[in-house]
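Chemist: Below, each chain spelled out in residue letters.
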Amino acid sequence: MRVVLAEDLALLRDGLTRLLEAFDFEVVEAVDNGPALLPALLKYRPDVAVVDVRLPPTFTDEGLQAALAARIEVPGLPILVLSQHVEPLYARELLSGSGGGVGYLLKDRVSNVGQFVDAVRRVAAGGTAMDPEVVSQLLARREPLAILTGREREVLAQMAEGRSNAAIAAKLYITEKAISKHINNIFTKLAMPPSDDDNRRVLAVLTYLNS
Amino acid sequence: MADNKDMETRSWVRHGLRAVAVGALEIVLSVFNVPLLVFWLVALALTPAAGIGMVALPLMTKVLRARTDLVRRLATGAGVVIARPYAPQPQPALTGGWRRFKWILTDPATWRDVAWLLPGGIIGAALGVLILLLPAYGLQGIILLPLWVHLGDVWYGYGVYWPIENFSEGLLSLPQGALFLAAGLIVAPQLRKVDALFAKLFLAPTRAAELRLRVAHLTVTRADTVDAQAAELRRIERDLHDGAQARLVSLGMTIGLAEELLDRDPAAARKLLAEAREASGIALVELRHLVRGIHPPVLAERGLDGAVRALAISMSMPVEVDIDLPGRPQTPVESAAYFVIAEALTNVVRHSGAQTAAVTIVYHDGTLAVVVLDDGHGGADPGKGTGLRGMERRLAAFDGTMTLSSPPGGPTVVTLELPCVLSSPKTSPSSATD
Numbered sequence: 003m004r005v006v007l008a009e010d011l012a013l014l015r016d017g018l019t020r021l022l023e024a025f026d027f028e029v030v031e032a033v034d035n036g037p038a039l040l041p042a043l044l045k046y047r048p049d050v051a052v053v054d055v056r057l058p059p060t061f062t063d064e065g066l067q068a069a070l071a072a073r074i075e076v077p078g079l080p081i082l083v084l085s086q087h088v089e090p091l092y093a094r095e096l097l098s099g100s101g102g103g104v105g106y107l108l109k110d111r112v113s114n115v116g117q118f119v120d121a122v123r124r125v126a127a128g129g130t131a132m133d134p135e136v137v138s139q140l141l142a143r144r145e146p147l148a149i150l151t152g153r154e155r156e157v158l159a160q161m162a163e164g165r166s167n168a169a170i171a172a173k174l175y176i177t178e179k180a181i182s183k184h185i186n187n188i189f190t191k192l193a194m195p196p197s198d199d200d201n202r203r204v205l206a207v208l209t210y211l212n213s
Numbered sequence: 005m006a007d008n009k010d011m012e013t014r015s016w017v018r019h020g021l022r023a024v025a026v027g028a029l030e031i032v033l034s035v036f037n038v039p040l041l042v043f044w045l046v047a048l049a050l051t052p053a054a055g056i057g058m059v060a061l062p063l064m065t066k067v068l069r070a071r072t073d074l075v076r077r078l079a080t081g082a083g084v085v086i087a088r089p090y091a092p093q094p095q096p097a098l099t100g101g102w103r104r105f106k107w108i109l110t111d112p113a114t115w116r117d118v119a120w121l122l123p124g125g126i127i128g129a130a131l132g133v134l135i136l137l138l139p140a141y142g143l144q145g146i147i148l149l150p151l152w153v154h155l156g157d158v159w160y161g162y163g164v165y166w167p168i169e170n171f172s173e174g175l176l177s178l179p180q181g182a183l184f185l186a187a188g189l190i191v192a193p194q195l196r197k198v199d200a201l202f203a204k205l206f207l208a209p210t211r212a213a214e215l216r217l218r219v220a221h222l223t224v225t226r227a228d229t230v231d232a233q234a235a236e237l238r239r240i241e242r243d244l245h246d247g248a249q250a251r252l253v254s255l256g257m258t259i260g261l262a263e264e265l266l267d268r269d270p271a272a273a274r275k276l277l278a279e280a281r282e283a284s285g286i287a288l289v290e291l292r293h294l295v296r297g298i299h300p301p302v303l304a305e306r307g308l309d310g311a312v313r314a315l316a317i318s319m320s321m322p323v324e325v326d327i328d329l330p331g332r333p334q335t336p337v338e339s340a341a342y343f344v345i346a347e348a349l350t351n352v353v354r355h356s357g358a359q360t361a362a363v364t365i366v367y368h369d370g371t372l373a374v375v376v377l378d379d380g381h382g383g384a385d386p387g388k389g390t391g392l393r394g395m396e397r398r399l400a401a402f403d404g405t406m407t408l409s410s411p412p413g414g415p416t417v418v419t420l421e422l423p424c425v426l427s428s429p430k431t432s433p434s435s436a437t438d
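Protein chains in written order, with my numbering: chain A, 3 to 213; chain B, 5 to 438.
Please note that the accuracy of each hint is not assured.
Unchecked claim - Selected chain B positions facing chain A (Cβ under 7 Å, derived; list incomplete): (1) H245; (2) Q249; (3) A250; (4) V253; (5) S254; (6) G256; (7) M257; (8) G260; (9) L261; (10) E264.
Quick caveat, the hints were computed from the structure, so don't treat them as lab data.
A quick note: this is a predicted structure, and the numbers were derived from the prediction, not measured.
Using N, Cα and C, we set each Cβ at its ideal position, and we do this for glycine too.
Bound conformation, chain B alone:
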């Protein structure tokens, strides 16, 4: 408990200090808003001029967006999330050309950025000063006493004592200063939040921009989905062609040959028949594996709950499973979740060096949340390998997301979130479906 309290104390101090630092930074940055506005407008005015006109506006817009992106980042630190509102860049991304101008000038986000510069600068600077004021006064009080002692009786006053008339009054500047400093640190994050909220008015996407971004996102994920599906179908075709289909051809050939040899060489024919029986068994095994890769029967029969439990049992390490699902998601969602979990567990076995793993599945607020955890050595890199990317793609088709936390030394935690509805409440224990 004491530890907890200690942590909390440190956390508000840290928050406060960070807010004060950002506040100071904002003052400096805000000053640059004015020249930025001037330069951007000049660049806009220069657009008709050949040569320089082609370069100036895109360049200044880039600077402008870097500035507003910084504000968005800082706002996130203050607990206000501001999404990037810009329309996607036209392809191919030309450095000059009319398309680029059109892209910049027809994007309302550009004009909203420009509109923000002046009021945003004023508010940012003013709030920055305000944020600095209280802690600075507090520090003065803390420093004042030693200073006063050092300088003798030439000082003026502090806090409620004005002027300071004796040593004991001077002594009280220390607790007063500490109080002001603490208050400053507590207030600073709130003031930062005000600044961020003000910025949000201008710098967040409008409803139309939000929809446009959503369409762009959907276009990408749809293309990804189509690609992934095509690749999947191709894989299945290949597996069938080289696997079961070839086995059956071979089987027919062996039996046919045996038939031919039946009279001439019965011993050889018998050997061929034995071979054929074995081949038919292998063909069945291959078909079964293939079917499992397309849609595992246990997933069809028992849903995600049973399928993940079955998966856990088949792993080479102990996997703890904790599932709380009041119903079943729709089949495609269920299937996506299953394969991503399977992939995550396969990664655990292959790469993590873990002794144990755990899968937790819960459903709340219309979201299926899955956590796959292992006690391995961590250090998994989402940039490495196509497995994680493939998992993301599978989920993206259903607006699902995946986050990976894998610090060196572990543990590795893969978190999936899939918005979905559960179709029907569980009416019978799963064992009754047999």
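Chain A extracted, bound-state conformation:
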């Protein structure tokens, strides 16, 4: 699996490269600034890009901007955005584009190597990976969620992070069948048409939560 990496701090760039390569990813390009990212993405068309939000020269949200621009050029280009803090606003911008294949995680998550690599693979496969921190920030704010039961909120949170039904079932120690029942209830309560598409489901939920 081919990866383009964008991270300005050499320490983390090298660490991420090492980590990804240990799991049989091929880092085809590792850039250290914003302007170089877009050309690299368009040139290599990687299976997935791992991008730091803040990059030189402006040290603002260059990485995010380049990722969004690349996804306009190449719809569905899988991009996992990493940051040292998460903003629901950025999550919404990433998700507002067409299709899946986006992720937004705290950099802290790399320390759980297995889960991190899973997230990279999930994004590469067109899924989503939302940081639990983003999801909880979103869930904590929304009034309409009061109509959901505690269990349903748990399922929603898992769903929002980008997990499949099977993964949610495993995590919450209940059957997959029960999960789909909860999900249907959630959709009904939030007045959303049910859908089979994992990714669309997450997008819909997050868009609704964040609207």
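Since the structure of chain A is already known, use the hints to place chain B on it.
Modeler: Relative to chain A, chain B alone:
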């Protein structure tokens, strides 16, 4: 001692001569007050006229202010400080336009300047003549004798001898002249002072203007302070983001990877763990540096006294420290003083080429006074670099000031003055706080 006396003698002569010169200059300048007044009034009258009206008054006001500014400068020389009273110019500074007229005409200082022109001119000229009179008469006496000798017995009289009847009486014009000249030189600075005090009545800021100027000054320093604080916070955020925070992420990553490799490749895992331990150490060092940059722990624990001593010890050159503080200033003042001293010492190390430096801190009359001195090659330029400007800004937030004296060849002396109150008298020796 003899040298000292010599210096004193020369100094009163120099003072006197300068006062006489300024007195003469004042006579000439005073003459111009009359046309200046006329032209200004004409310009005022022309204000309604299109074209010329737009230009004349601002231009004449500029000339008028140049004239009064000169008086203020000369007054400073006579030992009377007259602050500039004018309201700050509106922004943007238009050359024409109603705002400019309003700025000029609503400023009481303008009218006070105009009011000064006539009486100021008369007093200035009169005192100028008076200042010249005595030394001139003295000079006449000194020159008279040779003249009298040269011309024979056709001369009249001088001083107490009137007329001069014989050679010995004529001879006495020399000491008399010298006496008159000396008296003239002594009196001249006093007369200049009278002139300056009279000018001050008109040309100094009124109480309202003083307050207005103070508000303008505070507005600027407050904006500076806010800017400086924002920049500081940004720096801290950046340092954390790129430093400790990134190190911790990397640390987690390394440990996570080691965990994964533990079964497959224990040797590699062990290597990663060693790396992780090292990284955690570096992260701690970085955090410590950052904390020191925000508020040095020693400053919190020991106050300015201990912190400056600690700073001196950490310098690469010997720094003599002499501190006499009966208590501790408030924390923000203490912190500002500390960072400015630290910056000054850093500059000494970086730029001065000095062998030794000294820091003196004293407190008297509600002012914390700091002197940072070095024996380097001098030539420090406050216009160069942002360091000195930053120091000034830090101090300005507390109405503090900084002066820099750095002649080529050295020594460089940085003097800080910070008005502040000391909170509590020192109750225990600093070593007891451990």
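Chemist: Now look at each hint and say whether the structure bears it out.
Modeler: Each hint tested on the structure:
Checking B/H245 against chain A: minimum C-beta separation of about 6 Å stays under 7 Å; hint holds. Restraint check, B/Q249 versus chain A: the minimum CB separation of about 5 Å is within 7 Å; hint holds. The closest approach between the C-beta of B/A250 and any C-beta of chain A is roughly 5 Å, which is under the 7 Å cut-off, so the hint is satisfied. A least Cβ separation of about 4 Å between B/V253 and chain A falls short of the 7 Å threshold, and the interface hint therefore holds.
Satisfaction of the interface hint for B/S254 is found here, the shortest Cβ-Cβ separation to chain A being roughly 5 Å, below the 7 Å cut-off. The beta carbon of B/G256 is positioned within 7 Å of a beta carbon in chain A (closest approach about 3 Å), and the interface hint is therefore held. A cut of 7 Å between beta carbons decides the hint on B/M257: the least distance to chain A is about 5 Å, and the hint holds. A hinted interface residue such as B/G260 counts as satisfied when its beta carbon comes closer than 7 Å to some beta carbon of chain A; here the least separation is about 4 Å, so the hint holds.
The restraint placing B/L261 at the interface with chain A holds, with a minimum CB-CB distance near 6 Å, inside the 7 Å limit. With 7 Å as the threshold, the beta carbon of B/E264 comes within range of chain A, its nearest partner Cβ sitting at about 5 Å, so the hint holds.
Checked against the numbered hints listed earlier, the structure breaks none of them; every hint is satisfied.
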